[in-house]
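Keeping the supplied structure of chain A fixed, place chain B upon it in accordance with the hints.
Here the protein sequences line up with chains A and B, keeping their order. Numbering-wise, the first sequence is residues 1 to 290 according to this note's numbering. Numbering-wise, the second sequence is residues 1 to 276 according to this note's numbering.
Treat the hints with caution; some may be incorrect.
Unchecked claim - Capping the alpha-carbon separation at 25 Å, the derived lysine to any residue pairs in SDA-like fashion look like this:
| # | chain 1 | residue 1 | chain 2 | residue 2 |
| --- | --- | --- | --- | --- |
| 1 | B | Lys116 | A | Pro203 |
| 2 | B | Lys116 | A | Ser204 |
| 3 | B | Lys102 | A | Asp179 |
| 4 | B | Lys116 | A | Ala184 |
| 5 | A | Lys279 | B | Lys196 |
| 6 | A | Lys275 | B | Tyr142 |
| 7 | B | Lys116 | A | Arg117 |
| 8 | A | Lys275 | B | Lys196 |
| 9 | B | Lys116 | A | Phe202 |
| 10 | B | Lys102 | A | Ile183 |
| 11 | B | Lys196 | A | Gly190 |
| 12 | A | Lys275 | B | Asp106 |
| 13 | A | Lys279 | B | Ser147 |
| 14 | B | Lys102 | A | Arg180 |
| 15 | B | Lys102 | A | Ala211 |
| 16 | B | Lys102 | A | Ile210 |
| 17 | B | Lys116 | A | Ile183 |
| 18 | B | Lys102 | A | Asn181 |
| 19 | B | Lys102 | A | Ser192 |
| 20 | A | Lys279 | B | Leu113 |
Said to hold, decoys possible - Not everything, but these chain A residues come out facing chain B in the computed CB check (under 8 Å):
| # | residue |
| --- | --- |
| 21 | Val178 |
| 22 | Asn181 |
| 23 | Ala184 |
| 24 | Arg187 |
| 25 | Ala191 |
| 26 | Trp194 |
| 27 | Gln195 |
To be verified - Listing some non-contacts, in silico: residues in chain B with all C-beta distances to chain A over 12 Å:
| # | residue |
| --- | --- |
| 28 | Arg22 |
| 29 | Asp27 |
| 30 | Gly28 |
| 31 | Gly78 |
| 32 | Pro81 |
| 33 | Lys116 |
| 34 | Gly149 |
| 35 | Gln179 |
| 36 | Tyr230 |
| 37 | Asn239 |
| 38 | Glu242 |
| 39 | Arg244 |
| 40 | Tyr268 |
Bear in mind the hints are in silico, worked out from the structure with no lab data behind them. For each residue, glycine too, the CB sits at the ideal point set by N, CA and C.
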Amino acid sequence: MSALNNVQVSPLPITELRVEATLRVAAQRRRVLINVLRVSFIVVILVGWEVFARANIIDPFFWGQPTGIYEQLKTWILEGTSQGPLWQQIAVTMEETLLGFLIGASLGIVIGILLARIRFLSDVFSPYINIANSIPRVVLGPLFIVALGLGLPSKVMLAVVMVFFAVFYNVVQGVREVDRNLIANARILGASSWQISTQVIFPSAMTWIIASLHVSFGLALVGAVVSEFLGSLKGLGLLIATAQGTFNPNGLFAAILILAVVTLIVEALITRLEKTLLKWRPNQIREVGL
Amino acid sequence: MTSDSFTTPGASAIEFHSVYKRFHSPDGQPFTVLQNLTFDVRDGEFFAIVGPTGSGKSTSLALIAGLESPSDGTVLVGGQPVTGISREVGYVFQSDAVFPWKTVLDNVVAGPLFRKVPRAQAMEQAHDWLRRVGLDGFEDYYPHQLSGGMRKRVALAQNFIIQPRILLMDEPFSALDVQTRTLMENELLDLWSAAKSSVVFVTHDLEEAIALADRVCVMTARPATIKGIYTIDLPRPRNLTEIRFHPGFAPLYKQIWEDLRSEVLASYERSKQRTS
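Okay, chain B solo, but in the shape it has when bound:
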């Protein structure tokens, strides 16, 4: 496969073409995590992936980021095959991945400094982003001195500052309490609409996926294939504290849940068999 055959500039930020990913279990047995995945994420789109636990959602993100490579098939980012860590990509992890030994400011400025932005300029950008995520005044704090929500803001600033064309988010808010989570989701939408980057947002929470995304992709239980991709035509700008009461929300939720439910049950049955 040559890269040229898929080069379609502008239209798609990310393309998966018949992607397979296999791993080897500790006893040497191969198992397939992703099976024949084909989808695309458009430029500037908010794309959510939902699926049962352990279905390979995170693996898809790792393929886009270049942390893993596909066993078969092609992953294109910006029309080019992924051959390593892409400079165009930001990644917000599920667990805290901010550096605990760096202060808030040093955490945010890390990306630009890694990328050889002059120090003064990088500092200026960092202060600007700390202001935008509401952390000015906390520059010299260490992450363990902050609340979970504030640490997520550090992670967001750390990623938005490198101005990624694609932002990957792996259940970023799952560890937060419900109120903080809603606030963070609103902030994320604000940052996203200002930055105009594409977001791939992995979650197991269908409600969160519908509330945030332009399109929701439902994945099957392992090996993961695509069950369906749904367009969420709720109006923007959205307010996460109210979007759930929009008349369009419930029908969408019902329709997608019908698909997701059978996969969740399948995955649950399998985990029960394994433990018994």
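Next up, chain A with everything else stripped away, as it sits in the complex:
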């Protein structure tokens, strides 16, 4: 262990260099092993699925099969889907998701800070927010479709509602956790109420806000896709609904795969944003979850 702590100190005595080299080789071996196991895991699953499907142990009519999913993706990419080119479906769903995410998160942050900072507002509105939060959000989907139609607005609206509460409660919690001394210090240094909100409360609650953004992007996607199930003319949700209606499990898996890839890409972007915004923090708590 001592050699590990001294990694940056050079020149090291010969023996320590040797220890260090051994450790580096060990670490590299471990990395290779992990990557090999990761790849083998997915290969075993896919090959097993394919083999069982061909042997009719898993019925490919109901459960699909990897080669079928691959073929489906190829068709979609090369020839387009029944509702138009694939990229268009992705673009439509992404537009709804991102709009819903941005609007929902902004509303959550602003209203969260307002209600957490101004006692009077929270006293008046908190019962309504709690009641609204107790409604399972997806059931509002049909309402929005009736009111706003089959197009973009109804999808964005459901995504906004899904995102808002996740962000809102995190922001309220984040504002409550702000160190009282920091606020006192800012007040004594001459900060106005607005400056305290923007320069103390907001950055301090940022940790909580960012954490909620990871979850809420997923929620925005759920809102958009579910709303597309319920009624739409374009989008990945409609693709899934169509695949369901035509008993096409390969189509379902292919659409799910596309959604997963898109989500992973956006997650990576949010993580990058997080690193820029939270660079003032010691980097101990960054590894959250898997």
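Frame of chain A; chain B shown alone:
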């Protein structure tokens, strides 16, 4: 009470007149933290308050800063009753109160910018203060990248830059190791003698209080009243690494400790009763 009756310009920076402060405990029971506090801090004076833990020393500072208001009695700063956050006051907290998401430079420049000093001028002042506390070259560091002593320097620069007439310090160096602490105390005395502001320095460490202060005020266990105020006539400028060996130091320490000891014991007995 009108403010005019106490207006005595120049002489006293801070005056407490029969000040009481009561709080309510979570179960609604009122308890008195400060009881009939009367004292004054002169202009340019280094005034130390010592007392047992939890005796209301920090509450006194909060009253001066305007973060709290007295339940009864009057607190005057510069001859005027305290009605809110005073522009004349700086406050160094016990825990780190520098903003962790601001760089060293942004932390120091925060006060002037809050007070609407033009940006270029504020930056110039900030660089000047960073030089004075020995942090030039660390402008772009974040607080978590600095040692505890360096963070205290940031806090000192952050406060001295607004040129407070009164600097309140709440056990500012208690989290530092002994060597760093002595160095910081020396730096504080240098900054104070240059800035000519009054300092109210709260500590539970009598040695630190005597070494730094012009007068030491001993507070009783809760509810806090004043047990005694002692003039420390040790010569200035003082060097904190040597002041403890000055022939005048030990007798002062002995005299004040006699008073403080009974209060510390009383406070300890009470906390023992509460836990058992």
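Cut-off 8 Å, beta-carbon criterion: hint that Val178 (chain A) touches chain B: Violated, because the Cβ-Cβ distance from Val178 (chain A) to chain B comes to roughly 11 Å (cut-off 8 Å).
Assess, step by step, whether the Cα of Lys116 (chain B) is no farther than 25 Å from the Cα of Ser204 (chain A), and give holds or violated. 23 Å, holds
Assess, step by step, whether the Cα of Lys116 (chain B) is no farther than 25 Å from the Cα of Pro203 (chain A), and give holds or violated. Distance of about 21 Å is within 25 Å: holds.
Pairwise hint evaluation, Lys196 (chain B) against Lys279 (chain A), where the allowed Cα distance is 25 Å at most: The hint is violated at about 38 Å.
Is the Cβ of Asn239 (chain B) farther than 12 Å from every Cβ of chain A? Label holds. Min Cβ-Cβ 30 Å, cutoff 12 Å.
Satisfaction of hint between Gly190 (chain A) and Lys196 (chain B), Cα-Cα up to 25 Å: 21 Å, holds
Within a Cα-Cα threshold of 25 Å, do Lys102 (chain B) and Arg180 (chain A) meet the stated pairing? 17 Å, holds
So if I understand the rule, the pair passes when the alpha-carbon distance is 25 Å or less; does Lys102 (chain B) with Ala211 (chain A) pass? Satisfied, since the Cα-Cα distance of roughly 20 Å is no more than 25 Å.
Given the hint that Lys275 (chain A) pairs with Tyr142 (chain B), does the C-alpha gap stay at or below 25 Å? Distance of about 14 Å is within 25 Å: holds.
For Arg244 (chain B), is the shortest beta carbon distance to chain A beyond 12 Å? 31 Å, holds
Given hint Ile210 (chain A) paired with Lys102 (chain B) - CA-CA distance at most 25 Å: At roughly 18 Å apart (the allowed maximum being 25 Å), Ile210 (chain A) and Lys102 (chain B) satisfy the hint.
Restraint status (C-alpha distance of Lys279 (chain A) to Ser147 (chain B) at most 25 Å): Satisfied, since the Cα-Cα distance of roughly 18 Å is no more than 25 Å.
The structure fails to meet hints 5, 8, 21, 26, 33 from the earlier list, while all remaining hints are met.
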